[in-house]
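One letter stands for each residue in the lines below.
Number of protein chains: 4
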Amino acid sequence: MLLNQYNKTRKYTESLCSPLNIEDYIPQAVDFTSPPKWHLAHTTWFFEEMILTKFVADYAVFDRHFGFLFNSYYQTVGEKALRAQRGIMTRPTVEQVYQYRHYVDGHIQRLLSDDISEEIQALIILGINHEQQHQELLLTDLKYTLSLNPTHPVYHPDFDLVSQPLVRTEEKQWLSFSEGVYEIGYKDSGFCFDNELGRHKVYLQNFQIATSLVTNAEYIEFIESGGYSTFQYWLDDGWAWLCNNQINSPLYWQYLDGQWYYYTLAGLKLVEPDAIISHVSYYEANAFATWKKMRLATEFEWEIAATQFNWGQRWEWTSSAYLPYPGFAISEGAVGEYNGKFMVNQMVLRGASVATSENHSRASYRNFFQPQCQWQFSGIRLVK
Amino acid sequence: MLLNQYNKTRKYTESLCSPLNIEDYIPQAVDFTSPPKWHLAHTTWFFEEMILTKFVADYAVFDRHFGFLFNSYYQTVGEKALRAQRGIMTRPTVEQVYQYRHYVDGHIQRLLSDDISEEIQALIILGINHEQQHQELLLTDLKYTLSLNPTHPVYHPDFDLVSQPLVRTEEKQWLSFSEGVYEIGYKDSGFCFDNELGRHKVYLQNFQIATSLVTNAEYIEFIESGGYSTFQYWLDDGWAWLCNNQINSPLYWQYLDGQWYYYTLAGLKLVEPDAIISHVSYYEANAFATWKKMRLATEFEWEIAATQFNWGQRWEWTSSAYLPYPGFAISEGAVGEYNGKFMVNQMVLRGASVATSENHSRASYRNFFQPQCQWQFSGIRLVK
Amino acid sequence: MLLNQYNKTRKYTESLCSPLNIEDYIPQAVDFTSPPKWHLAHTTWFFEEMILTKFVADYAVFDRHFGFLFNSYYQTVGEKALRAQRGIMTRPTVEQVYQYRHYVDGHIQRLLSDDISEEIQALIILGINHEQQHQELLLTDLKYTLSLNPTHPVYHPDFDLVSQPLVRTEEKQWLSFSEGVYEIGYKDSGFCFDNELGRHKVYLQNFQIATSLVTNAEYIEFIESGGYSTFQYWLDDGWAWLCNNQINSPLYWQYLDGQWYYYTLAGLKLVEPDAIISHVSYYEANAFATWKKMRLATEFEWEIAATQFNWGQRWEWTSSAYLPYPGFAISEGAVGEYNGKFMVNQMVLRGASVATSENHSRASYRNFFQPQCQWQFSGIRLVK
Amino acid sequence: MLLNQYNKTRKYTESLCSPLNIEDYIPQAVDFTSPPKWHLAHTTWFFEEMILTKFVADYAVFDRHFGFLFNSYYQTVGEKALRAQRGIMTRPTVEQVYQYRHYVDGHIQRLLSDDISEEIQALIILGINHEQQHQELLLTDLKYTLSLNPTHPVYHPDFDLVSQPLVRTEEKQWLSFSEGVYEIGYKDSGFCFDNELGRHKVYLQNFQIATSLVTNAEYIEFIESGGYSTFQYWLDDGWAWLCNNQINSPLYWQYLDGQWYYYTLAGLKLVEPDAIISHVSYYEANAFATWKKMRLATEFEWEIAATQFNWGQRWEWTSSAYLPYPGFAISEGAVGEYNGKFMVNQMVLRGASVATSENHSRASYRNFFQPQCQWQFSGIRLVK
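So the sequence lines, in the order shown, correspond to chains A, B, C and D. Taking the numbering used here, the leading residue of the first sequence gets 1, the next gets one more, and so forth. Taking the numbering used here, the leading residue of the second sequence gets 1, the next gets one more, and so forth. Taking the numbering used here, the leading residue of the third sequence gets 1, the next gets one more, and so forth. Taking the numbering used here, the leading residue of the fourth sequence gets 1, the next gets one more, and so forth.
A hint or two may mislead.
One copy or any two copies: either way a pair holds, since identical chains are not told apart in the list.
[Claimed, not checked] Restricting the straight-line Cα-Cα distance to at most 35 angstroms, the calculated cross-link-like pairs of lysine-lysine (DSBU-like) are:
1. Lys293 - Lys201
2. Lys172 - Lys11
3. Lys293 - Lys11
4. Lys384 - Lys8
5. Lys11 - Lys201
6. Lys11 - Lys187
7. Lys201 - Lys292
8. Lys201 - Lys384
9. Lys54 - Lys201
For the record, the hints were derived by calculation from the structure and aren't laboratory data.
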């Protein structure tokens, strides 16, 4: 069953690349994105480095340079290529990277055909979850790169991840919760990341949370009422970000001939009023809520309420900074670099998005990004 | 009595400047510091702009340019001079700024000799607290500027704010607290800032907190054990900060001929092992705690425990991001720009420091700075 | 015959790309380099924009986006894609760019099969020379990109443009010239660039010029004698460049296990002592000459002496700033943007290099780059 | 007589500072300007370092820190304070700097009352000329700093160095020169800088040069005809400079209520149409000339023609890059750092300005600045 899961995940990553030309695998548009080729190789390197080289006797690495080229932030593991130069590495070729994937797949499959220790099992599950995270990044990074091309390239005509299913049909409703002690954190027995662990009590005040997310129409109202030119709605850092980068709409939006368009993976489209807003930063989400005289949920409120509304179409910015849960401790070794070291200057997002791989989220999942990030499929849920 | 408080505060600010030459009033060393002249004028402008021009009929402003020159972040109030150019403004002269102070003092004193509304009273108290904050900044900014002078200028020979009284005599002890619901936030009837209001319940887990702060000797142990070259102890952003700025000690420390010295307002001094560490960033405080296999307190743990230990010599970094309390709302008008808009990307510090003006702190006081800031008198208290 | 020249030039560009993988066509390593795909398309766009759309009735452009994507500095011609984003444009594909080339080739060939006006003829000759310039840039830019790959990719095993034929066999000799009036500038009837025109008299002083270029061995002597750490040899801007970029050797050199290696288009190689130095900036060439107590030639000295020595293996830095000849005037229209607008902050190089296309230089040819540029095949000839 | 000259020069520097408040002595507005206090001290340090410490037995330096603080680019002499931090040094005080001046004056005066060697004499003359250069910089730097103050401070009401005497009364005339060999370089026996030496022949083509400089009225015509928005008039680097810095007029100009004003050392004034243009960069001078379908003079044309027109009110941008004359060699020791190391990336200006000290220029004098510099009193003379 783990073998199935492994195979399915690995194949899905490759299927995401099937609409690509070789050219599309190469560029890195900005420091915070990575090329498809890098995602394909890096997720493979994770299995090679964390499992095969450690637990398979006489395992021969596919290519001794790959550890250097496709290592990411894992400083424990040794030197790595400069993050900003991932788009410059034309060699190995895309074909060689696929060979690398299949080489590692063969070894992992062989490993999984035997009995394996719990430690290895846990690492393979971690590798699968790691790869699923990169599946989403592969799409969001690709969208960012293609969006800079003035010809508005189409990744796949059926792949309009912004306005997808997302039409809001019912009226927005408010769910009420009473103050008191609640429990937070992962409680089941399956896989979760270390940052969800340490189930613990928190005290929440009374709050009401919306059952549905903010739509484009609501957000356009904010824009048209001068939302981007009224500093009172904005955090100080947000206002500086907006001024320095001349932000006046969500990412990918363009105002042409009196109408709002946005770039999607299916090309340039008219903004649909009833679709859910996407590609807003925390600064924008917070400013929108302030304009509405409401606020965003804390990550704890969100987790408690999540059983009572639908979620999964947008990562939802919370008003919680990304901080360790009580008792959190960084694991030893490279695996420990996974989450803990990012616990400053980032905000928590909860939920999942249309780009998140199937079964790759849960109510206790803690995603996190810097408050200026817009390139994820991120939306807004209001609390009052 | 408010008159007394007003006069005392205003005089104390000027007394802080009495050891200065005119030259010292001018420079702005970096964007985040301000010249003494600016502090003297800006605190005065606060009284003029928020009170005299609003509540005193026929009040004539001292100089129409000063609103532009000495306004700070108060975007509501109109245009302002560029923050980075405060050190370039040689006019008005220092003498004219003192005349400005005395002109405004005269008007406020006249106002206070009559019955005044509660609104005005509240604003004067806010102005006094505002000026007290700037008294501390005046000292920390001045120290920063003077420290860049290779001649190690002495501000005042008796004014060694680092090693002052601070010798730790008793052994470090640990206070234990049990998990449960606690109440947080300002509860008395005197003045407090808006960010302390909204007293509310929080749920804390068991914790033990040290009765005393980390000393220089303990910190030197961290340095000597390779603390600044071991990335595992550091948050990712902290490691980048350390590498980009070649940080290898607290601010103002210099290693000369085999010994650690630090610049103090009384000149360059040998680091005293038993004095309490100062001028560390959040990144350093956090790395030190990680190295010790402990952690920093949350601001809530700190507030609950604070009745049982001495504090007031160092601002103490907490592990809490600066976020609004439940129910926090930004006030209308310029006064509302005071606190709320900084609630992102900063960490809370609790306590007070040797540079904090008398009576200008309380257990519920929430100070806040970016995690890389070192120029405040900031220290470390451990929790386990 | 013009048709032959056209076809030969166009084919040669494509032959330079024959060792490339599709991946290699894409990246732009830094702002001053361009991807192979861009060179292929831009040189084609030049023929389409300057000739076909102007002189061929009913000519249908291949793709209306290409004018935007592959325009370079020609501000007259309209908007253009950001120079720094050439490496991000994955569409059109490489294959489409080749189709573009062949489409334009067909039209130009048809045009050349008829009688054509002198104006068109001149523009086609200009287009050929323009493409020849880009052939050299294609190689130098590609070398720059591949050099950043830690695997030292081989472009072509026989294509070691650095140590090629270049062994110096005869002893260095000195040619003497007497002071007097000399004539400078292009004097024949074939093609030349506008910046070579305006043949005019200059007065030269006595000088002696070396018959051969500086070798690696001589340059290593400079390095080993502390050349890169002695500020007296350097121009002030050169010293700042060296300090800010931590330069301590020519571009592509690496010191490994006690020996100097350099990256070449045939892979990493040991530096051959007798090969001619390459990839030095003007700052380095000037510092080397100063260390030798000699100097570089002016471009006028070079042009006068050039008939009496061999040249063509390295672009030779001169001590002349790139300035207009007497009577120089910028042509009307886009063609006028070619040379004149760069006449500030650049130094003249004379000669040609191993990467220069056949027949694409002459003694009056004025190449020019910023003094910090190292990525051309640039060398040093001494004068005393 | 040398003593007289010395005393006169030293006193004149101090007289330039007599309208200043102590506050005005301190700030450094940008990296390329220096505070008055620094100019006062640095010129003094030159005499102390180059003469007193070398030639006066038992000379005791005034303060051992001053060599570090007031050294400039003289890397030979040892470490120096960071150039960008000159405005932060509040100690020594202004008064101490004056004491330093008088201490050094006493020693130099004593030295000059005896017979001194030619070497010392030459160094004192160099020191006087060095100080005269700094007198002009003191004024231009001060103007730059004061101009940033929104209150438009008045340095001295009679000190309007822009519109001063400068009204153009006669019609512009053109002087013609015939092609041929001319001699260039300093030819008399008095003091000159090393960069003027090496009198040598040059060959000039026919040219006509204007007898008078371009006026504000003429320049306003350029502005109003779209000069700042037409890229064809501009060098490529100039256009980038203009776009990046949003330049649309000479430095210090402001367009208020339909009229052009400029900041002068006598305060904000209406631009006088008949006054000579000032504070233009080379890029602007070159663009203006291009718009006029003329050009700037080369420094050689200027030197030959200078006997036949009035000059001395503006530094006149030439089209010559700052390069060494034939036979130029950098002197040994610190004095050699004076000129030669700046011979790249700068353009020559000839003449003198209203801010140049009396007797501190001659027809062979070569001033030089980067092409974007506007803060000198620089103007435009046309050639056709």
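Right, here's what the structure says about each hint:
no. : hint            : verdict
1   : Lys293 - Lys201 : both (29 angstroms within a copy, 24 angstroms between copies)
2   : Lys172 - Lys11  : neither (38 angstroms within a copy, 57 angstroms between copies)
3   : Lys293 - Lys11  : neither (46 angstroms within a copy, 41 angstroms between copies)
4   : Lys384 - Lys8   : neither (42 angstroms within a copy, 43 angstroms between copies)
5   : Lys11 - Lys201  : neither (40 angstroms within a copy, 49 angstroms between copies)
6   : Lys11 - Lys187  : within (30 angstroms within a copy, 59 angstroms between copies)
7   : Lys201 - Lys292 : both (30 angstroms within a copy, 26 angstroms between copies)
8   : Lys201 - Lys384 : both (22 angstroms within a copy, 18 angstroms between copies)
9   : Lys54 - Lys201  : neither (38 angstroms within a copy, 48 angstroms between copies)
Hints 2, 3, 4, 5 and 9, counting from the list given before, are not met by this structure.
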